[in-house]
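Enquirer: Below are the chains, spelled out letter by letter.
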Amino acid sequence: MVKFLTKQVHLPYVGPVGLWVLLFVLIPMGVAVYLSFVTSGPHSRIIHEFTLDNYRALFTSARLLILARSFQYAVVTNVVCLLVGYPLAYWIVRHGGRFKLLLLGGMIVPSWISQLLRLYALRRLAGDPGIINSVLLGLGVISSPVKMLFNPTAVVFGLIFVWLPFMMLPIYASLEGLDQSLLEASVDLGATPFKRFFTVTLPLTKGGVFAGTILCLIPAFGDWLSPLILGGDRVLMAGSLVRLYFISVGNFPLGAAVAVILTAAVLLMIYIFIKLGGEEAIERLV
Amino acid sequence: MKAGKIADIIQRLGVILVYVVLWMPIVILVILSFSSHAIGLRWQGFTLQWYVQVLNTPKAMEALKNSLFVSTVATVISTIGGTLAAYGLYKYKFRGRSALRMSVLLPITIPYVVTAATLLIFFTQVIRIPMGYITIIIAHITFSAPLAVFIVLGRMARVDWTLEEASADLGADKLTTWRKVIVPVLLPAIMISAALIFPWSFNDFTITYFVAGVGTMTLPIYIFSLMQYCRTPVVINAISSVFVVLPIIGLLLVTFLQRKETT
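Read top to bottom, the protein sequences are chains A and B. Final position of the first sequence in our numbering is 286; the numbers increase by one with none missing. Final position of the second sequence in our numbering is 263; the numbers increase by one with none missing.
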């Protein structure tokens, strides 16, 4: 017994967080999985009988389209963020000079400003009535307000707008940590800048790219604020469904099924990223 | 050479464009908070009336107070728990260590909406506690303690641990060692995680919205209700200034702390 106790010296340290994660992450997740296999009756009462109805309902209706579309929006967001974020980070590392810190801060600060407010700011800008419309009408450029919101493009733009910093910052960190002598060596060995980028720089920073992808693709996939604020709940995503079933309708089992599908998809993605990107992807996460 | 120069200018314009797109909406929002135009669409003369109005709205002040309370509690508990866990994960090899590492990573990697929904289920169906500040704080800690774990863990690897051994050799008990050696050494990382967690918790709407219940107001929830019902939306602009200024202060603080860590 004494021996057992002395062997548990780690418990006072990892115990609290371990217990917390068990209680508020793992068990709730388990309960959600359970709920997704039962159904709810009148007044949102849970009927504890095994059923696949929730999944059937999700896979055989327009809701499946919403799930697929969320994935598509998230992928588009991720690709755009990568195509903007990588060159941007690359440029700042190489040519940032004395503006480096300012440019970096200019990317960090938006990631700390409330998403809700940033999306709201976009809506004030592009809405009807909105700032762009009121300026254009005032100048006489247009005669009636342009409708820019409440369509898929607006929603995806909102996702890019919100999640870009989370893609760019890990890439920046991995580019900044790049060993410059390797780049010089490749030049000495006669590599063209083009070849150097694809054979040296990109492979060495792929951990940053995968970390950025985890931080951008997954939140975008589960986002419900951009569809709500810029899509006006006319463009729905998976997160909107979760909100709909949990908050508006009160059908927990159906909502739980959406959450379970979302989680399964995300865990699969993370598994693939770690396989492709290696441990570095995880280390670069924080 | 001329082509190179043009390419250079194009690159610069590209960089500037990204920052303009990223910042313009929020900057305009803040600028128009000083405009007397009630809808906040045009510049119509300088005024501070919207700020005065916010300061004179008891509900807004109440929401701000609640938010500060929730975020402070969540930040303190998360950083303490996270630091202890990071220490345990780094110092000891035990069964289930990698499983624990993976589970701690979970709340950071699954979508927020899933964390929010599973907690909502847990609160209402399993432990049946009423929604309110307790549930919001639990939700915030669930998300932010893992952040603290990994930030402190990153620092642990770069620390010279001989001091700790020396302190133990000299007969200091564990508590004294923590107070005199471990905490001072980890302090920059602890402060950085607090500086990251506080604004995150203060800003969070996505998770809070699910576990807040009726009548519980944090600032983001108050803003959301204003967005839907307020007839003078420019009031939101005035509140948003707080949300822009706070991260800038936070960034300056973190930069300062990181400089300290490297020296």
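Heads up, a few of these hints could be off.
Taking lysine-lysine pairs in the DSS-like style, the calculated list, with each CA pair at most 25 Å apart, reads [said to hold, decoys possible]:
id: 1; chain 1: B; residue 1: K2; chain 2: B; residue 2: K91
id: 2; chain 1: A; residue 1: K195; chain 2: B; residue 2: K91
id: 3; chain 1: B; residue 1: K5; chain 2: A; residue 2: K100
id: 4; chain 1: A; residue 1: K195; chain 2: B; residue 2: K2
Some chain A residues well away from chain B (every beta-carbon gap over 10 Å; in silico) [said to hold, decoys possible]:
id: 5; residue: Q72
id: 6; residue: P87
id: 7; residue: R118
id: 8; residue: A185
To be clear, the hints were calculated from the coordinates, so they are not data collected in a lab. Computed from a prediction, not measured in an experiment: that's the story for all the values here. Quick reminder that beta carbons are idealized off the backbone N, C-alpha and C, glycines included.
Enquirer: Does each hint hold? Answer for all of them.
Expert: Here's how the hints hold up against the structure:
1. B/K2 / B/K91: Violated. B/K2 to B/K91 sits at ~58 Å, over the 25 Å cutoff.
2. A/K195 / B/K91: Roughly 43 Å between the alpha carbons, so the hint for A/K195 and B/K91 is violated.
3. B/K5 / A/K100: This hinted pair holds, its Cα atoms lying about 21 Å apart.
4. A/K195 / B/K2: holds (23 Å)
5. Q72: At about 16 Å from chain B, A/Q72 clears the 10 Å cut-off, so the statement holds.
6. P87: Given that some Cβ of chain B is not farther than 10 Å from that of A/P87, nearest at about 7 Å, it is violated.
7. R118: violated (6 Å)
8. A185: holds (24 Å)
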